[in-house]
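2 protein chains.
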Amino acid sequence: MKIALAQINYHIGNFENNIKKITNAITYAKQQKADLVVFAELAISGYPPRDFLEFDDFIEKCKSAIDTIAKKCIGIAAIIGSPTKNPEEKGKNLHNSAYFLANGRIVSKHHKSLLPNYDIFDEYRYFEPNRNFEIINYQKHKIAVTICEDLWNIGDDPLYTINPMDELVKHQPDIIINIAASPFDYDQDEKRKNILIQNVKKYKLPLLYVNHVGAQTELLFDGGSMVINDKGEIIYQLDYFKEDLKIYDLKKIKNSKIPISNCFKKKSSDKIALIHDALIMGIKNYFEKLGFKKAILGLSGGIDSAVTLVLAAKALGNKNVKAVLLPSGFSSAHSIKDAEKLVKNLDSPYDIISIEEAYKSFDNTLKPFFNNLPFGLTEENIQARIRGVILMALSNKFGYILLNTSNKSEAAVGYGTLYGDMSGGLSVLGDVYKTEVFELARYINKNNEIIPNNTIIKPPSAELRPGQKDSDSLPEYDILDKILYQYIELRKGPHELIRSGFEESIVRKILKLVNTNEYKRHQTPPILRVSTKAFGMGRRMPIVAKYLS
Amino acid sequence: MKIALAQINYHIGNFENNIKKITNAITYAKQQKADLVVFAELAISGYPPRDFLEFDDFIEKCKSAIDTIAKKCIGIAAIIGSPTKNPEEKGKNLHNSAYFLANGRIVSKHHKSLLPNYDIFDEYRYFEPNRNFEIINYQKHKIAVTICEDLWNIGDDPLYTINPMDELVKHQPDIIINIAASPFDYDQDEKRKNILIQNVKKYKLPLLYVNHVGAQTELLFDGGSMVINDKGEIIYQLDYFKEDLKIYDLKKIKNSKIPISNCFKKKSSDKIALIHDALIMGIKNYFEKLGFKKAILGLSGGIDSAVTLVLAAKALGNKNVKAVLLPSGFSSAHSIKDAEKLVKNLDSPYDIISIEEAYKSFDNTLKPFFNNLPFGLTEENIQARIRGVILMALSNKFGYILLNTSNKSEAAVGYGTLYGDMSGGLSVLGDVYKTEVFELARYINKNNEIIPNNTIIKPPSAELRPGQKDSDSLPEYDILDKILYQYIELRKGPHELIRSGFEESIVRKILKLVNTNEYKRHQTPPILRVSTKAFGMGRRMPIVAKYLS
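Listed in order, the protein sequences are those of chains A and B. Quick note on my numbering: the first sequence kicks off at 91 and runs consecutively. Quick note on my numbering: the second sequence kicks off at 91 and runs consecutively.
Excised from the complex, chain A in its bound form:
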């Protein structure tokens, strides 16, 4: 039996697009003499469809799409993910299911048993877990179909009380298929492989794994679909960050002695390279799926906007990213110089628009109401907000999407101006700590100097008052980022942080900043997620609270 693995970039709710991609893959796989083609979890709707699942109309459109696709399954079978209605009276209205389609019709449905409901996942919000375990009999093979999380309860700290494969093995399958929607983070590929290999070793069955690829707003799917033989060796793998379709012969998988092909393009150890590729895909897909072509951003001469510009130029084309230099009286000479050097290196369009006149007009307008209070944070924020107004005006006038250039360290401690530099349609670096932004810059420059070296080596500054440096109000980034990582990604408390050697006053100050700035993060653009704990849908915090603050 020849099995095609179809790794596709779906678009949430875009049934026309998804049906077309799926039927094209079926047609191609059939031409290539495949017997079965496997698509990802919730392929029909895209992942995650979120609360669209609560609309009957949406669920009916999923069913209608499946009916259309089933008709194409003649001379070839398909396994494909879709929400289905739960026919039982009790429990949630839906299942997260895999359809088995053959002979032009729906043959069977297989529901997901373990419903992830942590971090960015909300599956128990919509779906009733499966309690009936049936396998697929097809061409003398017995296929155990599992859906993503169904294979993930195998570690030392089981999150669920059952293991679906323990039930499915009772039917003596000879192969496991797992259809997934497993989003990227820079550690995920390694974790994923470990988990899948553990399953193969436990159940002694070969495993075919099909993942999503492409970005759905903040969630980045890296693909990396794969085939693991029954010894737990990855013998084939599909591409990362790209659509791909490959066909494998089950006989060869079963008889494989050594890895036949090795297309491990990336390793988890190449963290910065992975983040680089993921962010580019994230930008590209965000624009494509919204039907936009051009981006705009404020280029300060600093490292965050420089890295954002380079990534956007790679994603959208250098001519499709407009940089705007927005100097004020506090901008240093090197800022303009460094920014101009970068746009010239990239050959991207740019404008220089001074914010001086607008700043003076606000100064005049507000002076009678400010009671002679001294220059301070307010005036810094006014400058940042004038830049926001200008960038949004150009965005509105010419149909650009404004890219936000804030990094994760700033977002964490609230070092940014709401409606100013925190504006934008998409945050490119909001899940990348400042120290990682430096690494990204060096990675971008690995062959030649694209980002001016001066941008990388000069001390970070917001340049909103004379001689300002980030380190005036924040600890050095190498300390700050370590504490933030321990608190945000690892959820360590103050006592653990202090015990591990960080200075108590700094720990208390930073944790307080993180918690009291939740209100700012509530209003930031969606952030491309590259870490195990990004700000946004995967980190849900109260705003009005008083904890470590």
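By construction, these hints were calculated from the structure, which means they are not laboratory data. Accuracy of the hints is not assured; some may be wrong.
No more than 25 Å apart at the CA atoms, straight line, and that leaves these computed lysine-lysine pairs for DSS-like [to be verified]: (1) B:111 <-> B:383; (2) A:342 <-> A:123; (3) B:536 <-> B:409; (4) B:409 <-> A:457; (5) A:374 <-> B:602; (6) A:602 <-> B:111; (7) B:383 <-> A:636; (8) B:292 <-> A:182; (9) A:383 <-> B:610; (10) A:180 <-> B:260; (11) A:383 <-> A:110; (12) A:636 <-> B:111; (13) B:281 <-> A:180; (14) A:260 <-> A:294; (15) B:123 <-> B:344.
Not everything, but these chain B residues come out facing chain A in the computed CB check (under 8 Å) [stated by the list, open to error]: (16) 140; (17) 306; (18) 515; (19) 583.
Which stretches of chain B does chain A cover? Using the computed rule of at least three CB atoms under 8 Å from a CB of chain A, they are [what the hints assert, rightly or not]: (20) 180 to 187; (21) 449 to 458.
Glycine is no exception: its CB is placed at the ideal position from the N, C-alpha and C atoms.
With chain A held as given, fit chain B onto it using these hints.
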């Protein structure tokens, strides 16, 4: 046995505050000869603690608070909600529990079985459901303790496969206690009473119900704790929107023939009165819990900012709300007049700050980059954003929180400017449709004209270009709001809406506007939730999607 019901306004994560309120209630109840005092669900942490639950430090603080409180339970017992660690190896790390405290120590723990995970609820994100059903034996009484949702699976469309009370009745309890965190919406009190009465009728047991009161950012808890006798009659009730503590004799509850006291302050039919009171509590608590006293808002002369100002003045005191009139060349004479009349009626402070100079400076600054393109949406947005800059500047300079004045109809269709009129720390009317804002205005004016009548009767306009009216770009609000309600609250699809008589082109246009403006709502302030489906944490939509759009 005398039982005290303690209806308290907790503060999430503020253990010091919560412990103090709880121990004060215990001391008072003991003085009043109560045998048992009952607190709400997750009282110790406040509700919802959200991802703070993922921090070991937070869970340890909950346990430490319980230990402190247990020591006070001498000569009196207490039932109190708290997260607890799940001792089992399998399953999620926590339970949502009720502690039974007596004789200065923890006597038993009772976990929640049904974990709501819809709308604003995320409980399965953190908690393992209970599977052991034990009752409390205390002073010759057998108490079945349930936690909120545990009693809610009794309707025609059961969301869960079990009913905890079916298990608990096997131990022959003689009373049901339900500790809850049941947030307000204008229909909730009626639904809540129906559900609780259904339980009483099914199990033939009296029921004591303790709810939260007070606002936690967007979530408004209305209190309304109550006692229902075993005939299903509500015989006592605690206050709405206020802290309250009442003590009831179990003997009297059991022998009650008719309702003894009736403190139903509000009926669900008084929808606008309920919304009015809920919003005032929401504003008040938001400021108190963040440690702020003063609000600022832009007062346009239109109805949304007028209603917002009145509600804020009632919540914070008329002198603590600063109105800023921000006229442009497009502002009509009546706008300033109506706005001034309102601030004078309220005797609130106000300033008039023209945006003309700032607008001209942006016009000058941007002219060279706008290629002589005509005046349009961009210029309208610039005006709105200048107002945002000025309001935020005053907010920064003087420590005001900016109140957002957008209504739900605008938020739904994206009729507002990001970083302009969509700015603010809190959205007061973001869950109130425009037609309901009119009703609120008339309710506010029921005894005398606080909001100038002209503000209520004139056609709504953003006044961002000459002669502009909302109805130029939107259907009339009575049509718009009906369609929005059907789509947002009832989740009807386009076919159902068209079948029910709305014009197809209008339905398609509105649904498309709602879906394509998700990106704007993603960046709006938290919205005080008064309906069954508010924008914000209870409505989770993809941004990059193509469905009905």
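**Prompt:** Does the alpha-carbon distance linking residue 260 of chain A and residue 294 of chain A stay inside the 25 Å limit?
**Reply:** Holds, because 13 Å separates the two Cα atoms, which is no more than 25 Å.
**Item:** Restraint status (C-alpha distance of residue 383 of chain B to residue 636 of chain A at most 25 Å)
**Value:** Holds - the C-alpha atoms of residue 636 of chain A and residue 383 of chain B are around 17 Å apart, at most 25 Å.
**Message:** Between the alpha carbons of residue 636 of chain A and residue 111 of chain B, is the straight-line distance 25 Å or under?
**Reply:** holds, 15 Å
**Message:** Does the closest beta carbon of chain A sit nearer than 8 Å to the beta carbon of residue 306 of chain B?
**Reply:** The hint holds - residue 306 of chain B has a Cβ within 8 Å of chain A, the shortest such distance being about 6 Å.
**Prompt:** Straight-line Cα separation of residue 602 of chain A and residue 111 of chain B no greater than 25 Å?
**Reply:** holds, 24 Å
**Asked** Is it true that the CA of residue 292 of chain B sits at most 25 Å from the CA of residue 182 of chain A?
**Response** holds, 23 Å
**Restraint check for residue 342 of chain A with residue 123 of chain A, where alpha carbons must lie at most 25 Å apart** = holds, 15 Å
**Hint validity - residue 140 of chain B Cβ closer than 8 Å to any chain A Cβ** = Given a least distance of 5 Å, the restraint on residue 140 of chain B holds.
**Given hint residue 409 of chain B paired with residue 536 of chain B - CA-CA distance at most 25 Å** = Holds, at about 23 Å.
**Message:** For the segment 449 to 458 of chain B, count the residues whose Cβ lies under 8 Å from any Cβ of chain A; is that count three or more?
**Reply:** holds (count 6)
**Asked** Straight-line Cα separation of residue 409 of chain B and residue 457 of chain A no greater than 25 Å?
**Response** Cα-Cα ~22 Å, so holds.
**Request:** Using Cβ atoms only, decide whether residue 583 of chain B comes closer than 8 Å to chain A, and label the hint accordingly.
**Result:** Residue 583 of chain B check passes; min Cβ-Cβ to chain A is 3 Å, inside 8 Å.
Checked against the numbered hints listed earlier, the structure breaks none of them; every hint is satisfied.
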